[in-house]
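If you're matching them up, the sequences are chains A and B in order. With positions in the first sequence counted from 1, the corresponding number in this note's numbering is that position plus 219. With positions in the second sequence counted from 1, the corresponding number in this note's numbering is that position plus 498.
In short, the hints are calculated from the structure, not lab data. Among the hints, erroneous ones may be present.
Footprint (simulated), chain A over chain B, 3 or more residues, beta carbon under 8 angstroms [to be verified]:
| no. | region |
| --- | --- |
| 1 | 585 to 596 |
| 2 | 768 to 781 |
Sample of chain B residues at the chain A side, in silico, Cβ under 8 angstroms [unchecked claim]:
| no. | residue |
| --- | --- |
| 3 | Met525 |
| 4 | Arg675 |
| 5 | Leu705 |
Cβ coordinates follow ideal geometry from the N, Cα and C atoms, glycine included.
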Amino acid sequence: MTQPPVLIAFPKGRLGDELVPRLAGTPLALDTAALKSRVLRIPTATPGVAALLLKGADLPRYVAAGVASLGIVGSDTLDEMDVDLLELADLGFGACRLSLCALAGVTLEQLRARPHLRLATKFPKATEAWLAREGLTAELVPLSSSAELAPLLGLADAIVDLVQTGGTLRAHGLVETAVLGRSSARLVAARGAYLSEPGRIRPLADLLLGALKDKA
Amino acid sequence: MPVRTPHFPDLLFGSAARLRRWEGALMDLLAAHGYRELHPSLVLRGAVPEGGLRFFDGDDLVALRWDFTVALAGLLARGFPAPPDRVAYAGAVFRRPVQPWEAVERFEVGCERIQPEGEATNEADVELARLLMAIPGALGLKSAILHLGNAALVRRPLEAEGIFGELADAVVAALSRRAPHRVREALDGHPSGARLSAHAEALLSELDGPRTLDALASSPYAELLAGEREHMDRALQALLPILPPNLELRVDLADVAGLGFYTGPTLRLWAPGAQQELAAGGRYDRLFPGLGRPWQAAGFCVRLSRLLDLAETRPDLFEQPQ
Chain A
220 MTQPPVLIAF PKGRLGDELV PRLAGTPLAL DTAALKSRVL RIPTATPGVA ALLLKGADLP
280 RYVAAGVASL GIVGSDTLDE MDVDLLELAD LGFGACRLSL CALAGVTLEQ LRARPHLRLA
340 TKFPKATEAW LAREGLTAEL VPLSSSAELA PLLGLADAIV DLVQTGGTLR AHGLVETAVL
400 GRSSARLVAA RGAYLSEPGR IRPLADLLLG ALKDKA
Chain B
499 MPVRTPHFPD LLFGSAARLR RWEGALMDLL AAHGYRELHP SLVLRGAVPE GGLRFFDGDD
559 LVALRWDFTV ALAGLLARGF PAPPDRVAYA GAVFRRPVQP WEAVERFEVG CERIQPEGEA
619 TNEADVELAR LLMAIPGALG LKSAILHLGN AALVRRPLEA EGIFGELADA VVAALSRRAP
679 HRVREALDGH PSGARLSAHA EALLSELDGP RTLDALASSP YAELLAGERE HMDRALQALL
739 PILPPNLELR VDLADVAGLG FYTGPTLRLW APGAQQELAA GGRYDRLFPG LGRPWQAAGF
799 CVRLSRLLDL AETRPDLFEQ PQ
């Protein structure tokens, strides 16, 4: 029986924008014609290996269910989700900070002193963990994008969001007041595929690691 | 936000017949090796863990049987002054699943080897591994992989370093993810961080045949774990000559699943391409002493529900029944 193709889940968005050029010229380079189309399943330069382009928040589910054998996703996404998968390596790129950000002039002490602190975020788990460590309580305002608007428009006192260069923050008059954690791209694997077919999956994981290392 | 819908699948003709056939074949196999069946009640009283299915029977809070090993341990500790040496079980357990695709009602067949404390356990561990090696043949699986591990490889270094509670949980979670970088993160600033990180690297370096054991030599805890290594080595010497042609044997030094329960050797059965292990077990010597009985035990459980799913999604992995 012919083996079905191995699928690797690659992220769309910021992390994907960093990843795709790194893969160019490697055995896992993505087909450029397919990349320009709206197709979400893209052949790679290695026969029998195809890439799925997925939103970061969906990607771990595809890997945990074994639909994709390997994937690349930010550790911030992994930390927010309760999914069972293997995390084989910290790939180093896509590094950013998970930070508490407020309008310029508002200090951490001022935020601490608020009797009713409101924090907008798409990272509720990390935010709750930080609040617990700090001995603070807050109302969490769940958002899925454009969190920078929340303090400007009075939806929240501050936000917890990923900061890479700080450009988006500055454009909205926000500053970092505390760093809650750090995030970077991780190579993840489906537990079942990795443990039941290591002869098939491990060499592919090594190939991917090698391709990204050479481009580092 | 996780979505958990109750998943109670009905078994239609083919699956129902397969379940009946497999359960019979496995119980016959266990009976032929001296394992006698015990059938603990489907309704359990007493403390129920999170995930159990609870309901009121009049004024009494009761639960459906959520785990055979726990149910059997209660039954044995209550009713037997001396342990029966070999016990088998078959039936359903009911637990809210961790993974959304798993059913609440799960069919299992399993066995336990129980001994008084102090008796040598090597032969019992090998006996269970040999039995598990016969399971793929009894189920008509064309090929399978048996993983041998040992919970003590992680437990003992953590205990030796005085690491318990949340920090131990973080290290175990990182190992379960096979993420050495997470181990380093969890132990950042701890006096034993460098040693335990090096140990994690050694455990995660290989997932292969008997030579995987050699990776332990590079661990800072090689001396502490010499007994475990010798035990695993002896088990491999006993099992390799009788390995069926359709079964691959791998040593998985980083198997930490169920570390809170297992105390020694662990066994897991996989089929190539299966997304979940099909059987799992190991040594759990702290269970009966916790119930006031000076007994030690090991056993394994075959997850028939997962096998039924696999037969539906990957029929190519099974021989066609005669």
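Here is how each hint holds up against the structure:
no. : hint       : result
1   : 585 to 596 : violated (count 1)
2   : 768 to 781 : holds (count 8)
3   : Met525     : violated, 26 angstroms
4   : Arg675     : holds, 4 angstroms
5   : Leu705     : holds, 5 angstroms
In this structure, the earlier hints numbered 1 and 3 are contradicted, and the remaining ones agree with it.
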